[in-house]
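Asks: Here are the chains, one letter per residue:
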Amino acid sequence: MWAAPLLLVAAGGAIAAAQTPAELQARSLAASCAACHGTDGNALVSSATPRLAGLDKDTFLREMREFRAGARPATVMQQIAKGFTDAQTEQLAEYFAGQK
Amino acid sequence: MNRRAVVRSLVLGGAAAVAPACFGPWRRASAAKVVVVGGGYGGATAAKYLRLLSNGTLDVVLIEPAPQFISAPLSNLVVGGLLQLADLTVSYEGLRRRHGVTLIRDRVTSIDAVGRSVSLGAGGSLRYDKLVLSPGIEPMWGAIAGLETAHALGQILPAWTAGPDTTGLHAQLTAMRDGGVFAIVIPETPYRCPPAPYERASLAAAYLQQYKPKSKVLVLDANQDVVAMPGLFKEAWRDLYGGMLEYRNHCKATSVDGATGTVRFEVADDVTADVLNVLPPVRAGALAVQAGLANVNSRWCEVDFLSFESKLAKHIHILGDSIQAAPQMPKSGHMANAHAKVAAAAIVAELQGWPLDPAPMLTNTCYSYVSATEVIHSAAVYGYLAGEGTFKPVPGAGGVSPHREAMEAQFARAWAHNIWADMLG
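Protein chains in written order, with the numbering used here: chain A, 1 to 100; chain B, 1001 to 1425.
None of these hints come from the bench; they were simulated from the model. Note that the structure is a prediction, hence the values are computed from the model and not measured. Treat the hints with caution; some may be incorrect.
With a straight-line Cα cutoff of 25 Å, these simulated SDA-like cross-link-like pairs (lysine to any residue) come out [to be verified]: (1) B:K1392 to A:T85; (2) B:K1314 to A:P21; (3) A:K100 to B:R1098; (4) A:K82 to B:G1396; (5) B:K1214 to B:G1180.
To give an idea of the chain B side of the interface with chain A (calculated C-beta under 10 Å), a few residues [claimed, not checked]: (6) A1338; (7) M1361; (8) F1411.
The beta-carbon is built from N, C-alpha and C at its ideal position, and this holds for glycine as well.
Isolated chain B (complex conformation) (with noise of 0.2 Å):
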């Protein structure tokens, strides 16, 4: 789809939802405004860098249908018995109080990228100057038969947001009989964050290690091996559960049946579980495919990574798990708040007039826990290339730990408060 394609896909939507109204009230003469639309990792530290990098001068809205910011990193440790969703809670306050940001709790049904506004599930429109979408992902439910009926009856939890499912899926395991099997069935990449099947499995072979010691645990990978620090996940599987984690490649769910648990493939035989943890594929958030702008495959959106502008429609950028990524860069937390702060740092020199940032830097580290005490990370830097528009991990910067350790879980949990400080603090 070309530019203009987009843009009249835009206006159509736009035109179809609500005629644009006007906040006069609140819209100050001299402030340029930015919407931010999602209150995910990308969207919560867009909207707080704005505020920050612009000394308070830029107007910022952030639009979120959620009460309170829930992480999805740390989540598999509520799926694993060890955390409450509670501990994974935030709330939005300190963006409003401490930062001056606007909160809107609604959802954004279409975007008009020419009028530029948006409009709101509750009614009514907003005027942006800039538009910050960070709408991280949706499941393809169509890629797996039977999926969303079965994740509409409760009986399969893919848990891949953190929220009802989470619990949900951790009270399965809890009901689950001693002996039973718990199976993950894993997409082909790329999906959100890579080491987090891996990282669910091995928590889940931890708590049916403590709780029901006769269960099983299969990893159903549709990728050839471990996506992330296989090495170092194979090895704990090995030396931590032995015979009761059994990882298989090669298995590309094609269809469910949640009533009975069982997966079936392309090429591989069908498994049948007590507890069947199916991951679909996903793709960019729903309003950026609804908008046109997840112009890769239909499925991610592709952005100018000098201020993570979409490629398609001016003014509107795109944060976090919906872009199409550059090479080796993971679909992560931490990598939405890198790019948010690129994004809000290049919106700020935009609107002064200033040049961008020639050489903006990201940096990311995932942690990973393979049991209830003992983490692993990967770690990258990434440099802007200009030649190639694009960002590379600097050559002989980053990695993943040497081997797992109990240290590691404390540096695992000081990245998840300070990131959530760094976003909403």
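Next comes chain A alone, as it looks inside the complex (with noise of 0.2 Å):
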């Protein structure tokens, strides 16, 4: 339904608060993966692409490490992960380890 401009909706569901510069500027970065992971990391359970959300921080990194060594199978990721720094990667994986 179309709406005429009436009272705003507040947002639902379990949103993260942006509070600080920090906290949004990882949260855009995260944001870069969500195309193909979903919003947040919460990719459909049906995707053929896997869920972030909640992954815990050490297999993040190793799978990001493998990925970049072409160690660990892909089609996309191996392309993918070596874009990121050291330091950005360590930054996606505390994010999407605190998503639920």
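Using the hints, put the two chains back together into the complex; each one sits in its own frame.
Replies: Pasting the structure below:
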């Protein structure tokens, strides 16, 4: 339904607040994964691309290392993983580990 | 055009239309308001992420004339008879219900960049603190004589935005005689979605091979070579379609005759086809052009890549296919989605008085079907280079598929459903 301009509805759901510039930046960086892995890492249940939300930090880091080294089978991720620095990868790992 | 000239023209555009009206009841004193124009990959993503990244504190309005979103990515599968348009159609309702975006089904007729308001087709106007434009593309009909008329008569359907033309083009293929010719005519780059014409040619060939095997597919390209993934496309054409598909370069169309299905070129010989799919050159969406924001060759809008704010007008951010892209940045739905997130974060930061993220990142993956079952991709990661003021591909990252694969088709579908959910879910 298209609403005429009326009162806004408050956003529902568990939405992580971007409270500080650092949190906004981290969330924004993580959003670059969302097109394939879902908003905040919540990929669709039936999706061939895995969910990242709630993924253990060490697992995320190990898998990204393996993608970069070509040691983990992939179609796209070995190409994407190389695009992020160690510091950015660490930030992503932390962010997704903190998502429910 | 310098900034002052543009601002003047924008003001005139606004004044000529409608005197600013007031939508008082829904404008909360405390909340800044962002108006997003265009509900495609860029605009819908921007609307959602403005709400998410502001933790619901911004008033966000999305203005879009279409009742539902229809994806251009995957629409070549409709042309090839493998999907229905309904499979690519998603409601805007999630943006309202789940994210508190106000939806207005209308067009914006003009922008007042000084008074910061947009005029609506139905009358009245809306004030904004920040405006996000994601107006997509507009065909440059005048570049190919006769094309606009042939399109209006339903003879030639470019089908470069997904909708009735997409199903119409499939209907033309199904009505074609066995032994007929399907010709696709491709404009010079830059145009929306570099691999798309080659994907369409592949899927038309796959369809004809199955149902009308005596037919022929001609790929008539204004460019020197296949623009995206040339090795992978040509290998697939050779392996899968043999003599059925023929590629010709340096075919820049100048005119068409819709009644006879004939296309004329600058240099190459005329071609007559049973189904003629001519893609005109495109430029930034009409609103951006009309507002004087398309300052690069009167086609594309130059933006500051840290925020996607127009280089000509403060508080107006432009996303997606309409922008003058950074080097090696394709015009794609995935890129528009990525632009939108950087722009949304920049708008949230600016309205909070925070510094902008100095090093935003963009990703892009373009999947292309080369047959009903096999898919190839091109992927890239872009980092912002402060010294150059632009995004560039991160060296060593990105690339294309080593070969076409059925497994990539699963990822192509997953990409589509996840990005639609990321924009609209």
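Asks: Go through the numbered hints given earlier and state which of them the structure violates, listing their numbers in rising order.
Replies: Hint check: nothing fails, all pass.
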